[in-house]
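Q: The chain contents come next:
Protein chains: 2
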Amino acid sequence: MSYGNVMIGQSGGPTSVINASLVGVFKTARDAGCKTIYGMRNGIEGLLQERFVDLSDYIKSDLDIELLKRTPSSFLGTCRYKLPHADKAPDTYARIFEILHKLEIKYFFYIGGNDSMDTIMQLSEFAKKVNSDIRFIGVPKTIDNDLACTDHTPGFGSAAKYIASVMKEIIRDAKSFPSDSITVVEVMGRNAGWLTAATALARSEDCNGPDLIYLPETVFDFDKFVEQIREKKKHTHAVIVAVSEGVKTADGKYVCEANKNTNIVDSFGHKVLGGTALYLADALADEFGFKCRGIVLTTLQRCASHLVSRRDITEAFMAGADAMHAALRGETGKMIVFKRISDHPYSIVTDVMDIREIANKEKCVPAEWIINDGTYISTEFCNYARPLIIGELDPFMVDGLPRHLFIDK
Amino acid sequence: MSYGNVMIGQSGGPTSVINASLVGVFKTARDAGCKTIYGMRNGIEGLLQERFVDLSDYIKSDLDIELLKRTPSSFLGTCRYKLPHADKAPDTYARIFEILHKLEIKYFFYIGGNDSMDTIMQLSEFAKKVNSDIRFIGVPKTIDNDLACTDHTPGFGSAAKYIASVMKEIIRDAKSFPSDSITVVEVMGRNAGWLTAATALARSEDCNGPDLIYLPETVFDFDKFVEQIREKKKHTHAVIVAVSEGVKTADGKYVCEANKNTNIVDSFGHKVLGGTALYLADALADEFGFKCRGIVLTTLQRCASHLVSRRDITEAFMAGADAMHAALRGETGKMIVFKRISDHPYSIVTDVMDIREIANKEKCVPAEWIINDGTYISTEFCNYARPLIIGELDPFMVDGLPRHLFIDK
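In order, the protein sequences belong to chains A and B. Reading the first sequence from the start, the letters are residues 1 to 409 in this note's numbering. Reading the second sequence from the start, the letters are residues 1 to 409 in this note's numbering.
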């Protein structure tokens with residue numbers, strides 16, 4: 001029995017587990033008897049240029065599937081292409097459907113975040129209008145954990161595990177010197193502070209965690225910031241602060257806008273951030289007169305596949321697999337979501353949710369989880385996030401380094 | 001039979017394996033029947049304040065020994081205290097020896113780099129002058145791999161493995177976007193480019209490695225740099241460049257001195273560097289007009305114990321153990337060195353070397369290993385460095401995070 005062809009794309013910022021979702025779709029589609037499983041290169045942008053691959057040319061064995069689970073960044077390449085509304089670009093939509101029909105695609109999957117879910121929404125609505133029977137399903141993916149309607153997103157658990165692990169290491173490094181110091185660690189997260197909150201997970205029997213944590217959900221005030229550090233400094237020679245790259249002052253401006261280079265926007269129209277920690281460390285050095293270091297955790301937060309959460313990998317795979325199942329039973333215009341059944345023991349199930357409830361929305365950290373006058377994170381957050389970072393999946397090491405599956409080197 | 005007491009200190013920038021050397025000394029001293037094994041808090045600086053611990057209060061089992069091998073940063077705390085020459089500070093030396101005699105110390109170990117070996121040299125020479133029979137042995141430690149007279153230093157292999165691994169991940173992340181970009185990755189190394197050279201190890205079957213590599217051993221010329229990038233840009237949309245934090249222009253100035261904050265010096269009188277990648281990325285953005293990102297690998301290069309080389313851990317332990325053996329057989333004023341017997345199969349032995357041959361000297365990357373007009377690293381370097389990054393030692397994971405042994409949290 002043949003079920004038609006499949007097209008899969010990856011979009012937006014990569015994660016360490018985005019390829020686990022890709023193989024989740026791939027393996028389920030293959031096992032269900034789908035004919036050709038295509039992967040678009042660089043998402044919808046590449047599809048419009050008719051750049052795609054037959055995934056079975058690359059994923060030839062179960063070993064390849066395991067290797068791809070351990071491969072960071074988007075195997076197929078990604079894009080930040082914002083699909084215009086169908087009314088404004090009828091030609092673009094006609095072109096996409098022409099390509100999809102030519103390839104006899106029946107199932108279309110897009111692995112991405114809020115912006116990518118907008119693409120699924122637009123395409124599924126256009127499909128209805130033109131009576132196409134292609135099914136469009138979104139597979140959630142973002143380290144930012146800011147998608148609505150889902151307990152959490154694949155990618156978040158691994159990023160949180162990486163961030164909390166390296167925070168412990170950075171704290172040990174900073175505390176080992178006897179001299180006074182302040183270390184400001186910058187964590188990704190434009191408007192939602194989930195990843196910065198994850199630094200609180202570093203607090204454990206062998207580590208006090210960061211002393212102060214600042215999320216973008218709370219207004220940032222530099223004078224208060226200095227006073228809060230001064231207070232912590234009374235109790236430790238080396239103060240450790242975690243700040244979101246997206247912290248904003250009362251006038252709504254990003255703190256890093258005090259630096260230059262902040263008028264750069266990406267193709268989704270978002271300001272490119274960065275420089276918050278370095279700016280703050282400089283300002284603190286002026287204020288305190290001792291060593292103040294800014295550490296930016298960089299893109300490794302989304303691509304450090306050498307340190308992933310096994311649970312995250314498993315769930316990312318499951319999200320892909322269940323997306324295929326949903327498409328096979330006729331769903332379209334939907335995204336896979338996770339519903340938490342229980343914290344202890346941790347248990348989730350997947351469901352599908354109307355994409356219009358999700359696209360272009362952002363879920364922030366609940367206000368009640370941000371405590372101590374906006375400088376710390378509650379135990380409730382840790383209870384929520386801890387299960388997501390459990391378990392490891394060791395890389396396949398070759399000649400001392402993690403091995404990856406690749407299309408382009 | 002009692003062999004007297006032992007004092008161990010850790011000094012300078014920590015590494016991921018500095019505690020493996022500590023337990024190497026500790027376990028060997030304990031097994032040899034030494035009475036009390038002290039650890040000085042924050043190196044010689046803490047010793048002068050009579051801050052030390054009885055290590056057996058903290059290392060109580062073989063499990064603790066294994067845990068300490070997996071604990072990054074200096075367990076005992078570190079310092080950047082430069083011991084003045086004995087002629088200039090006779091009181092300081094008298095004070096140190098008074099403390100050591102009071103504690104009935106017979107064996108003194110300092111785990112550190114060039115500057116710390118100067119401390120061993122000064123103390124052993126003073127001991128001779130005052131007819132003290134305390135034996136002073138240096139245990140090599142530095143991620144920088146710049147110590148003379150030894151094939152390599154404990155700490156380098158793990159830092160090299162971390163750097164090469166994350167380079168592969170950063171490269172995959174950068175290449176996954178279809179847009180033009182330049183990524184400048186800043187690697188530690190003030191005057192010696194060993195760690196930056198280690199980025200060449202990323203070149204493997206599944207990765208082309210960085211396109212260009214700049215060490216501090218070669219004069220840096222910005223105009224040539226731009227032309228070399230322009231040439232690489234013809235062959236790839238995303239150019240990846242590795243630069244040492246210590247690259248210098250023809251006038252001997254650090255490139256990052258074009259930025260501010262470079263008049264800060266540490267207690268050894270070394271300029272505090274940093275900002276090279278961000279400065280270069282900004283300058284390249286002006287030149288090329290597309291996305292140019294600076295990534296600083298930060299202190300994680302020396303403290304990412306979640307990704308260490310097993311061989312490095314084993315050798316760091318061995319350096320500590322053999323330091324104790326050397327002291328027991330009466331050596332003093334020496335440092336443990338590694339001599340390579342064979343590349344294939346890799347084999348080393350330890351030896352002791354007069355500390356005066358080592359202290360205050362820096363070993364740079366041989367000029368013949370720097371190729372392509374100072375923009376790449378030869379296969380000879382990779383053959384030298386590859387065996388040092390082989391094997392893994394998984395952290396002990398508790399609640400999803402690496403567990404560490406600690407004195408202070």
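Treat the hints with care, as some may be off.
Note: identical chains are not told apart, hence a pair may lie in one copy or across any two.
Straight-line C-alpha distance at most 30 Å; calculated BS3-like pairs for lysine-lysine [as the list claims (entries may be wrong)]: (1) K361 to K291; (2) K128 to K82; (3) K409 to K233; (4) K291 to K27; (5) K409 to K291; (6) K106 to K291; (7) K291 to K248; (8) K363 to K234; (9) K82 to K233; (10) K233 to K88; (11) K409 to K224; (12) K234 to K291; (13) K88 to K291; (14) K291 to K253; (15) K224 to K88; (16) K409 to K232; (17) K291 to K363; (18) K232 to K27; (19) K409 to K60; (20) K128 to K409.
These aren't lab readings, by the way, just hints derived from the structure by calculation.
Q: Now tell me if each hint is right for this structure.
A: These are the hints, each one checked on the structure:
no.	hint	result
1	K361 to K291	between (40 Å within a copy, 27 Å between copies)
2	K128 to K82	within (20 Å within a copy, 75 Å between copies)
3	K409 to K233	between (47 Å within a copy, 15 Å between copies)
4	K291 to K27	neither (52 Å within a copy, 36 Å between copies)
5	K409 to K291	between (40 Å within a copy, 20 Å between copies)
6	K106 to K291	neither (59 Å within a copy, 37 Å between copies)
7	K291 to K248	both (24 Å within a copy, 24 Å between copies)
8	K363 to K234	neither (36 Å within a copy, 42 Å between copies)
9	K82 to K233	between (46 Å within a copy, 26 Å between copies)
10	K233 to K88	neither (56 Å within a copy, 35 Å between copies)
11	K409 to K224	between (48 Å within a copy, 26 Å between copies)
12	K234 to K291	within (16 Å within a copy, 42 Å between copies)
13	K88 to K291	between (54 Å within a copy, 28 Å between copies)
14	K291 to K253	both (27 Å within a copy, 22 Å between copies)
15	K224 to K88	neither (47 Å within a copy, 46 Å between copies)
16	K409 to K232	between (47 Å within a copy, 15 Å between copies)
17	K291 to K363	between (36 Å within a copy, 28 Å between copies)
18	K232 to K27	neither (52 Å within a copy, 38 Å between copies)
19	K409 to K60	within (18 Å within a copy, 48 Å between copies)
20	K128 to K409	neither (39 Å within a copy, 59 Å between copies)
Of the numbered hints stated above, those contradicted by the structure are hints 4, 6, 8, 10, 15, 18, 20, listed in ascending order.
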